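J.: Sequence:
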Amino acid sequence: VSQCTNTIWTHNDSGGGPFIYSMGPNGKHLGAFRVESAKNIDWEDIAFHRSVTEDCFIYIGDIGNNDLVDRTGRIYRVAEPEIDSYSAASSKLKPQRTAPAEVLEFRYPDRPNDAEAMLVHPTSGDIYIVTKHVSGPSKVYKLKPEFNGGSVQTATEIAEIKLPSVPYGAVTGGDIAPDGRRLILVDYSAAYEFTLPTASLNFDEIWETQPVRFDVGKRPQGEGIAYLGNGEALIASSEGKHSAIWFVERIK
87 VSQCTNTIWT
97 HNDSGGGPFI
107 YSMGPNGKHL
117 GAFRVESAKN
127 IDWEDIAFHR
137 SVTEDCFIYI
147 GDIGNNDLVD
157 RTGRIYRVAE
167 PEIDSYSAAS
177 SKLKPQRTAP
187 AEVLEFRYPD
197 RPNDAEAMLV
207 HPTSGDIYIV
217 TKHVSGPSKV
227 YKLKPEFNGG
237 SVQTATEIAE
247 IKLPSVPYGA
257 VTGGDIAPDG
267 RRLILVDYSA
277 AYEFTLPTAS
287 LNFDEIWETQ
297 PVRFDVGKRP
307 QGEGIAYLGN
317 GEALIASSEG
327 KHSAIWFVER
337 IK
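To convert, count from 1 in the sequence shown and add 86; that's the numbering used here.
Everything labelled a hint here was simulated from the structure, so no lab data went into it. For clarity, every value in this text was computed on a predicted model and none was experimentally measured. Hints may contain errors.
[Unchecked claim] Here are the simulated BS3-like pairs of lysine-lysine, each with C-alpha atoms no more than 27 angstroms apart in a straight line:
| no. | residue 1 | residue 2 |
| --- | --- | --- |
| 1 | Lys180 | Lys327 |
| 2 | Lys178 | Lys327 |
| 3 | Lys327 | Lys125 |
| 4 | Lys248 | Lys228 |
| 5 | Lys304 | Lys327 |
| 6 | Lys327 | Lys248 |
| 7 | Lys230 | Lys327 |
| 8 | Lys125 | Lys230 |
| 9 | Lys114 | Lys180 |
| 10 | Lys248 | Lys230 |
| 11 | Lys114 | Lys327 |
| 12 | Lys248 | Lys114 |
| 13 | Lys125 | Lys228 |
| 14 | Lys178 | Lys228 |
| 15 | Lys248 | Lys178 |
Sequences are here, hints too, so could you generate the full structure?
T.: Here you go:
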């Protein structure tokens, strides 16, 4: 969800092509955009970041790897497209086009991983990848936001987590709150919110805390989640055609 325009951005995964789609909070179609200079091998998550110069960017995680093949992962960064009457009339067959995307290529330090959750910190711009495992804990890797560097970055493993669910490693999406002190992860059944201790100034310590589990609706195949507005509400989605959107208000 864009913190600049309050627009919801989404995408399809492998086989869906390099396209992103925008919609309003009511689900109304606002545009289909082809992401220039990008390929969709297995896109799995999308995030938003506003830079210190107030520029608005969309991040796309090409991080899926079900077969655990030996390949580099890619994070694309593209300027948030402008929404207007022309974009509202666009479609996948007749899309608008984004500015050329920047790319960050990376590898894991140990072995290939499958992942579906990519989170971008609103202040530092650091990128977090949470792996997906159905028979073990998830690992959390950190990337520096160094795009178009010409070299492959090695991700840094910073944590290992077990969600209070079964299986406890099947993480399918995530987001960091606008205040940079909370994060949300989601699996097929529920959501899990982590909160940074009040005295802590190091965001990486949030992964050592115990999350609070809560329901986000009966999604057929829960995949995505994001904070809305100032972080006091959430939006969740499911994979599949004509998927509904679930809005969940946080209880303080």
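J.: So which of those numbered hints doesn't the model satisfy?
T.: 6, 7, 12, 14, 15
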